[in-house]
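> Respectively, the protein sequence lines represent chains R and Y.
Note that our numbering has the first sequence beginning at 1, numbered continuously upward.
Note that our numbering has the second sequence beginning at 1001, numbered continuously upward.
If you're looking for bench data, these hints aren't it; they were derived computationally from the structure.
From a predicted model like this one, the values you see are computed outputs, not experimental measurements.
Among the hints, a few may not be true.
Stated by the list, open to error - What the simulated footprint calls covered on chain Y by chain R, stretch by stretch (three residues with Cβ under 8 Å from a Cβ of chain R suffice, anywhere in the stretch; the number is not a length): (1) 1079–1088; (2) 1111–1121; (3) 1162–1173.
Unchecked claim - Cross-link-like lysine to aspartate or glutamate pairs, in silico, EDC-like; alpha carbons within 16 Å at most: (4) R/K209 <-> Y/D1086; (5) R/K208 <-> Y/E1118; (6) R/K28 <-> R/E299; (7) Y/K1198 <-> Y/E1224; (8) R/K209 <-> Y/E1118; (9) Y/K1174 <-> Y/D1072; (10) R/K208 <-> Y/E1083; (11) R/K208 <-> Y/D1086; (12) R/K209 <-> Y/D1081; (13) R/K164 <-> R/D253; (14) Y/K1198 <-> Y/D1223; (15) Y/K1060 <-> Y/D1081; (16) Y/K1174 <-> Y/E1032; (17) Y/K1133 <-> Y/D1143; (18) R/K208 <-> Y/D1081; (19) R/K209 <-> Y/E1083.
Stated by the list, open to error - To be clear about the criterion: a stretch of chain R counts as covered by chain Y if any three or more of its residues have a C-beta under 8 Å from a C-beta of chain Y, and this derived list gives those stretches: (20) 185–198; (21) 211–223.
All C-beta atoms in this analysis are idealised placements derived from N, C-alpha and C, irrespective of residue type, glycine included.
Here is how the chains run, residue by residue.
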Amino acid sequence: MTLGVSKKEKIDDLAESAGVSLAASAWKRLRRSPVFLIGAVIIGIFIVVSLLSPWLAPHNPSDPMLIDQVVKARNEIPPPQPGHPLGGDLQGRDFLSRLLVGSQQTLIVGVGATLIGLTGGLILGTLAGALGGWVDSTVMRLVDVMLSLPSLLLAFSIAAMFAKPSQFTVILAVAIVQIPVFARLLRGSMLAQRHSDHVLAATALGVKKGAIVFRHMLPNSLSPVIVQSTLVLATAIIEAAALSFLGLGNPDDRIPEWGQMLGDVQNVFDTHPHLAAYPAICIIIVALGFTLMGETLREALDPKNRR
Amino acid sequence: MALLEVRDLTVVFQRKGEEPFRAVDGVSFDVEPGQTVGLVGESGCGKSVTSLAIMGLLPKRGAKVTGTVSYDGTDLLKLSDREMRDRRGRDLGMVFQDPLSSLNPVVPIGLQVTEVLERHRGMPRKEAMIEAKNLLDKVGIPDPNRRLKEYPHQLSGGMRQRALIAIALACRPKLLIADEPTTALDVTIQAQILTVMKELVQDLGTALVMITHDLGVVAGLCDEVNVLYAGKVVEKAMRHPLFSEPRHPYTHGLLASIPRLDAARGEKLTPIKGSVSDNIPWAQGCAFAPRCPNALDVCVQVTPAEEDQLGRLLRCHNPVVPGTPAAEEVPV
Chain R
1 MTLGVSKKEK
11 IDDLAESAGV
21 SLAASAWKRL
31 RRSPVFLIGA
41 VIIGIFIVVS
51 LLSPWLAPHN
61 PSDPMLIDQV
71 VKARNEIPPP
81 QPGHPLGGDL
91 QGRDFLSRLL
101 VGSQQTLIVG
111 VGATLIGLTG
121 GLILGTLAGA
131 LGGWVDSTVM
141 RLVDVMLSLP
151 SLLLAFSIAA
161 MFAKPSQFTV
171 ILAVAIVQIP
181 VFARLLRGSM
191 LAQRHSDHVL
201 AATALGVKKG
211 AIVFRHMLPN
221 SLSPVIVQST
231 LVLATAIIEA
241 AALSFLGLGN
251 PDDRIPEWGQ
261 MLGDVQNVFD
271 THPHLAAYPA
281 ICIIIVALGF
291 TLMGETLREA
301 LDPKNRR
Chain Y
1001 MALLEVRDLT
1011 VVFQRKGEEP
1021 FRAVDGVSFD
1031 VEPGQTVGLV
1041 GESGCGKSVT
1051 SLAIMGLLPK
1061 RGAKVTGTVS
1071 YDGTDLLKLS
1081 DREMRDRRGR
1091 DLGMVFQDPL
1101 SSLNPVVPIG
1111 LQVTEVLERH
1121 RGMPRKEAMI
1131 EAKNLLDKVG
1141 IPDPNRRLKE
1151 YPHQLSGGMR
1161 QRALIAIALA
1171 CRPKLLIADE
1181 PTTALDVTIQ
1191 AQILTVMKEL
1201 VQDLGTALVM
1211 ITHDLGVVAG
1221 LCDEVNVLYA
1231 GKVVEKAMRH
1241 PLFSEPRHPY
1251 THGLLASIPR
1261 LDAARGEKLT
1271 PIKGSVSDNI
1281 PWAQGCAFAP
1291 RCPNALDVCV
1301 QVTPAEEDQL
1311 GRLLRCHNPV
1321 VPGTPAAEEV
1331 PV
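My request is simple: use the sequences and hints to build the entire structure.
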């Protein structure tokens, strides 16, 4: 076995065992928290549904099978009927199927945007927190500028910059907006670590700078960032829906997406409110689920609440 | 030549728009190989800053360090950051005050020991683990194999400090600086830790700089003692003469202030009047003068020089005459 491999293994099981104590005590409290359980159940159902939606959906979500009714009755929207419990949409596609399959897009956008935002934030936050000095100032001023703009407005501007909107541009726009939140949070806890006794002790042992940052400072700074990412999932889902609603999302409406479904039915909202209500309720419930989970996680991981 | 020669070490903290503050003011002392030297004084007298300055751990900005700290002939203050980093942990070890916060909470003890061994002795991980086990064994941690895998919070306070000592001594540094290593521990554990340090220092021939405010620690461990006040050494003597005949009124006061078990019932404690902040700048006289029972007029006019008086280095215009009982009784 080479040294490199053994080192990597060590670091892997280090990362795993790192959370054990904190995670164990947090889990103990989480299990007793009904709020966490509600959030976890919502998210659990959401993830299962979105993964299984191709099989759960009774019809093909992009097949205009009820188009006859739309055409015959002059833009009448197909009402609920046998085989189509929620009726059809403006193009005569089965609404229930679209709603189910739409959860996939929401999951992809939410997780994708959060992961990209988290990665960007980790890089910037680590740079600022570890190097300090002018790097810190530059990064933090950049973060300040981004945070001074309303996040939704910033996401719109970024999404609108792309000539061809697609799902990826939505993810990117939402992700970029989340970067400063993560960066600032990580930088703050890295700074606190930098002046901690164990970092001084490691320095006094001649440990190299890289090892100090990645072994001593970063692992101790991560827990607020992890909590933040569950909260950001909710924000990301809402912002992605907002972008699609305003037409900055994927123009191809064969792939259903909740925000886009909301946007499509704007003109018929007063006659057919249920078409807007269903996707809206879905978005709200999923966002609520992530928020409940994130909030309880934050409380559970807060060292001040530890016994 | 001594292993460590500190000459005229001065640390000035300077912040924009504020008066510069001399935390350490021309401190000089030598440490011979295998010798234990104590730096004693109350909080704020510059003990810890002295140790951080020797290790080069003071922030580059805001702290101005002058003088020389020569270790084996090289001036540590002139070394580059990289050279200094290579020496820390290998040539100079350090043990800090609070054993819990000085260990990384998310890294198992074993990895924290092997980290230094890999860094300075270039050992492969496996070999380092074996060495780490031996080290924990040596500092008296029972069942070292199990402890290597545990996290700092799973160890008791005494064991944590033992682990830190093991880490500091892992690369057999010739000099160990211990900054109040027993302050955060309870008294029974303190004694154990001191014994461990004493034995290791003797076995390995390590020179030890012991920073403490606990005169009991000094009495048990140190060969030579430097008493610091407001950043200057006010009395420097070997252990026995210092304890039997303290000459500086400050040392005298420190010794007199220790509560005695054999004191008569109802006997009052004898503190040193005032607090460390009641001082005058050394430039205008003796910083201890406002609190000194022996103060003369000259004490607030002329800075006392460090002189070889009465068989020791002393910075005082009016030293205590041997045999003087404890300073005047102050009601508590």
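> Run every hint past the structure and note whether it holds.
Quick rundown of the hints versus the structure:
no.	hint	verdict
1	1079–1088	holds (count 4)
2	1111–1121	holds (count 5)
3	1162–1173	holds (count 3)
4	R/K209 <-> Y/D1086	holds (11 Å)
5	R/K208 <-> Y/E1118	holds (11 Å)
6	R/K28 <-> R/E299	holds (12 Å)
7	Y/K1198 <-> Y/E1224	holds (14 Å)
8	R/K209 <-> Y/E1118	holds (15 Å)
9	Y/K1174 <-> Y/D1072	holds (10 Å)
10	R/K208 <-> Y/E1083	holds (11 Å)
11	R/K208 <-> Y/D1086	holds (9 Å)
12	R/K209 <-> Y/D1081	holds (11 Å)
13	R/K164 <-> R/D253	holds (14 Å)
14	Y/K1198 <-> Y/D1223	holds (12 Å)
15	Y/K1060 <-> Y/D1081	holds (10 Å)
16	Y/K1174 <-> Y/E1032	holds (10 Å)
17	Y/K1133 <-> Y/D1143	holds (9 Å)
18	R/K208 <-> Y/D1081	holds (11 Å)
19	R/K209 <-> Y/E1083	holds (13 Å)
20	185–198	holds (count 3)
21	211–223	holds (count 5)
Figure legend: structure checked against the earlier numbered hints; every hint is met.
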